[in-house]
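Those protein sequence lines, which keep their order, are chains A and B.
Count the first sequence with the numbering used here and you get residues 498 to 637, in order.
Count the second sequence with the numbering used here and you get residues 568 to 948, in order.
Since the hints were made in silico from the structure, they are not lab data.
A virtual CB, placed ideally from N, CA and C, is assigned to each residue, including glycine.
You can trust all of the hints, since none of them are fake.
Sample of chain A residues facing chain B (criterion: CB under 8 Å; computed from the structure):
1) Ala529
2) Pro533
3) Pro539
4) Trp560
5) Pro570
6) Tyr571
7) Thr572
8) Gly573
9) Val582
10) Gln590
11) Pro602
So you can see what is in the structure, the chains are spelled out below.
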Amino acid sequence: MIAGKTTVDDALFVETAEGPALLGSRCTDCAAHTFPRQGGCPRCTGSAMEDVPLSRTGTLWSWTVQGFRPKPPYTGTEAYEPYGVGYVELPGQLIVETRLVETDPVKLEIGMAVELVLAPFRDDEFGWPVHTFAFTGVSA
Amino acid sequence: MSGVAIVGIGMHRFGRTEGVSGRAQAVHAAREALRDCGLRFSDMQFGFGGSHSAGDADTLVSELGLTGLPFINVANGCATGGSALIAADSAIRSGQHDVGIVIGFDKHPRGAFNTDPAEHGIGAWYGETGLMVTTQFFGLKIQRYLHEHGIAPGVLATIAEKAFRNGARNPMSWRRKEIDAAQIAAAPMISHPLTQYMYCSPAEGAVALVLCRADRAREYTEHPVFLQGAAFRSRRYGSFEVFSPWTAAERADSPTVEASAAAFAASGIAPSEVDVAQIQDTESGAELMHMAETGLCAHGEQEELIASGATAIEGTLPVNTDGGCLANGEPIGASGLRQVYENVLQLRGDAGEHQVPGDPRVGFTHVYGAPGISACTVLTR
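Let the hints inform the model, and build the full structure from the sequences given.
Here it is in structure tokens:
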């Protein structure tokens with residue numbers, strides 16, 4: 498459980514004073530970031546990584562909308578489709594791939610301000626929602 | 568060090584061939600390539616080959632002949648054929664062997680590829696939440712590219728229209744019906760801004776090539792094609808690649824840029840000298856991006872080149888003259904070698920209805936695939 502919600506994988510998250518954030522790694526030698534966390538630095542090839550919460554806000558770097566139901570290993574529930582997909586630039590850290598709450602192409606624009614939320618993507622065997630991370634637009 | 572020549576080419580038609588296994592298609596292609604240069608499988612000193620979904624290439628010897636040759640399997644996703652070719656190039660160029668064969672083949676089920684994240688070292692959540700979808704990545708990549716270079720999305724339909732027009736002129740292609748740009752643009756949206764007809768489909772097919780030392784090529788054929796440069800590169804920190812849960816904010820060139828530059832450098836030939844090019848067109852956007860990443864033109868220049876017909880068979884820079892992946896489908900293991908097969912036909916002057924006019928002398932091939940790899944070749948007659 499993260500922020501009282503069932504998630505697809507709690508290891509992706511960390512609770513912060515501002516709310517749940519994605520948990521990444523930062524290289525203590527060269528300051529490169531990764532998501533999820535990993536032991537080796539892909540930039541300087543060292544292995545001095547530390548855990549770091551990633552920014553909860555950023556800007557949309559690219560986007561699309563998933564137009565068909567993917568095959569397995571996708572496990573999403575139809576009620577949560579279609580879904581938007583984007584890459585969001587988190588300032589000073591990295592560009593993370595994410596589901597987007599918005600699915601209308603007209604309302605998605607590269608450069609728009611977005612923030613992290615936990616969004617349902619499937620229902621479990623008892624009908625309770627399972628959440629993953631998603632970004633949604635914030636009004637300026 | 569010896570140069571390397573391609574002396575025999577063979578293909579099993581791409582598309583869907585019910586009741587014929589991928590391995591049987593590979594054997595067909597191998598026999599055609601051997602026939603093309605008048606050799607037998609017992610003359611082969613080595614083999615490199617692979618498929619993604621149709622079995623191990625080294626087991627083909629049970630049908631082709633149990634001769635004891637070293638036959639090494641290659642598994643490099645979309646660059647499987649390219650990697651096999653590069654391995655063969657090294658085997659001959661180093662003087663280790665004089666003549667050998669490369670074989671790429673595949674047979675995939677219908678629909679988009681589904682991949683297990685664990686095979687890529689990614690957590691199960693990535694697949695479960697619907698992010699491990701190749702078609703989605705291509706939508707994201709071209710969306711960003713169009714934005715960065717100020718290119719209007721209309722060009723994506725024009726690229727697909729050209730692919731089906733070329734496919735209609737190629738008797739070995741899968742999709743042989745022309746589709747006009749308006750119909751392509753109006754087709755169901757798969758992953759914005761790419762519609763159904765802008766994507767290639769997984770398919771079936773096989774290609775085999777017989778290669779030998781350049782100084783012995785004329786013993787086997789009157790029209791050898793020389794492999795002047797071949798290079799393979801993987802991704803660097805900061806390049807934006809398929810199946811990436813994240814990418815660095817600090818941007819870097821794609822592996823295509825480095826692989827093509829290395830292939831051109833090895834050949835001593837400049838991109839401006841290319842007469843015919845086969846480049847990875849998994850979808851329309853890929854052809855657009857790869858035209859510039861390979862150095863065939865500048866970023867942003869593509870729109871004008873495509874609109875003016877420069878990339879058509881009769882144009883100044885013919886691209887994907889056999890219809891590319893869009894018209895041939897993508898049997899992963901065979902796709903890269905299909906490009907070389909097509910360039911050999913073009914350089915021999917044997918491409919028939921889809922022949923580039925004016926006796927082309929320099930051919931270029933480029934493949935790109937997961938998880939951020941590219942292989943390129945430069946060929947001359």
